[in-house]
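These are the residues of each chain, in order.
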Amino acid sequence: MAGPRHISVSEASRPVLPRHAKLKYDETRKVWVILAPERVLAPDEIAVEVLQLCNGERNVGDVADQLAAKYAAPREAILTDVIAMLQDLADKGFLTEAREKTS
Amino acid sequence: MSDVLGNPAIPPDASDSLAVLEKQRSTAETFGIPLAVLLEITHRCPLQCPYCSNPVELDRSGKELTTDEWKKVLSELAEIGVLQVHFSGGEPTARKDLVELVKHASDVGLYTNLITSAVLLTRDRLSDLADAGLCHVQISFQGTEDGLSDRVAGYKGAHHKKLEVAKWTRELDLPLTVNAVMHRQNLHQLPDVIQMAIDLDADRLEVANVQYYGWALKNRAALMPTVAQLDEATRIVEEARERLKGTLAIDYVVPDYYALRPKKCMGGWGRQFFNISPAGKVLPCHAAESITGLDFESVRSNHSIAWIWQNSDAFNRYRGTGWMKEPCKSCEFREIDFGGCRCQAFALTGDAANTDPACALSPLHETIFKQAEREAEGETNRFIYRNFAGGTLESENGA
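Protein chains in written order, with my numbering: chain A, 1 to 103; chain B, 1001 to 1399.
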């Protein structure tokens, strides 16, 4: 079964797209899309970059670190934006979390 | 097909970083290839729902495209830029080659939705479909309990089987949409429908009021809800949407008879949608064949699908606004709703180029609305069941 319905995205979350939400480059229209049940979303450039980094292993903090380094931008601002974008996707039901490793 | 796809418009979605692509493109004048295409791979169906969205003249199995022909269609769709396909019908699982078709669609990069009545599925077959790459399952429901549901479907045991298949769907980690087709005789179950969708762990619920073409038009007197029923339904949906935010998305389609403005049917004729019939006809909407005098091209012709979309007479006939007569022609809303639904205009006025009578500006609006209102208050509850014989009247004691 899929994970819990309500995902609250935080710095420690390790999000990943579920199998029914597919990030794909649309060659015909030259845009990135997320294919989801009976709908097609058009993520902007930053969203695409974030989602490519979200592999279920990196946590949101790691993603913000990478983007902060790459764009030489303040980490806190980036973290806030990344969490907002991912939470929006989660609220639409198109984000899942890698299960916490149990020790 | 037991589902009402009268309004394929992608629901509104507000977000800066995640715009809905179709919405962004809907004002474009280019008539680019649609993002999603409906494939009605067969008209065969074990159910007999009186509001079936298939044409009254059904394609018999001998006319259906072969497995290889459908595979060729799928490859061509992917090549020209279609991103998603909906396998529908009739009942798509009535085709023995469905797993093979889903596999092929996945192999060529298409996102696959299955729109099904579920009654023919076994757990193994559903599992095979998931392995073949199926991305999403939509199951239609006729109510929330056996008695009414099985009566509407004209199939004993249908409801029980649907619940079972919905459970398997989630066990196989496939996202589930519950499609509930609503009308006068089941609208009282709406609160239970919403609870059923939650209990089945669905991601989406479509509360689809019947749209009155084809079979549903034949059955209008038995299906048309009252204004009071509809107001109550709208209230229930709005309350549930608020309460279930982030848990269950609810799409809501109202019957346009009770609206003042017509719906932008199909997003406008030939603008963002086409479907392919069991026999391979490329159609601007699944009811388009009900309009006589239009000649629809087939994938079996020498033309490519892209050519048919761009150039065929049937697609261009009601594209844009050039075909319009008054009151549409000079109407300030002509590019908002494109005069409503061509099939409904044809069915109710005899001319597809007339204003859809759902529009308050249509000279026929008042008459038709009053008639529907009378029918809604009437006592006619017997169905005419959908079948290849042109319909069978329900017996006095049901079924």
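None of these hints come from the bench; they were simulated from the model.
From the three backbone atoms N, C-alpha and C, an ideal C-beta is built for every residue, glycine too.
Don't take every hint at face value.
List of simulated lysine to aspartate or glutamate pairs, DMTMM-like, C-alpha gap at most 20 Å [what the hints assert, rightly or not]:
#1 A/Lys92 <-> B/Asp1173
#2 B/Lys1218 <-> B/Glu1076
#3 A/Lys24 <-> B/Glu1076
#4 A/Lys92 <-> B/Glu1145
#5 A/Lys22 <-> B/Glu1232
#6 B/Lys1245 <-> A/Glu49
#7 B/Lys1071 <-> B/Glu1057
#8 B/Lys1167 <-> B/Asp1131
#9 A/Lys22 <-> B/Asp1173
Sample of chain A residues at the chain B side, in silico, Cβ under 8 Å [said to hold, decoys possible]:
#10 Val9
#11 Ser10
#12 Ala12
#13 Asp26
#14 Lys30
#15 Leu35
#16 Glu38
#17 Asp91
#18 Thr96
#19 Ala98
Practice prompt. Output the numbers, in ascending order, of every earlier hint that fails for this structure.
Written response: Per hint list: 2, 4, 5, 6, 7, 10, 11, 12, 14, 18, 19 violated.
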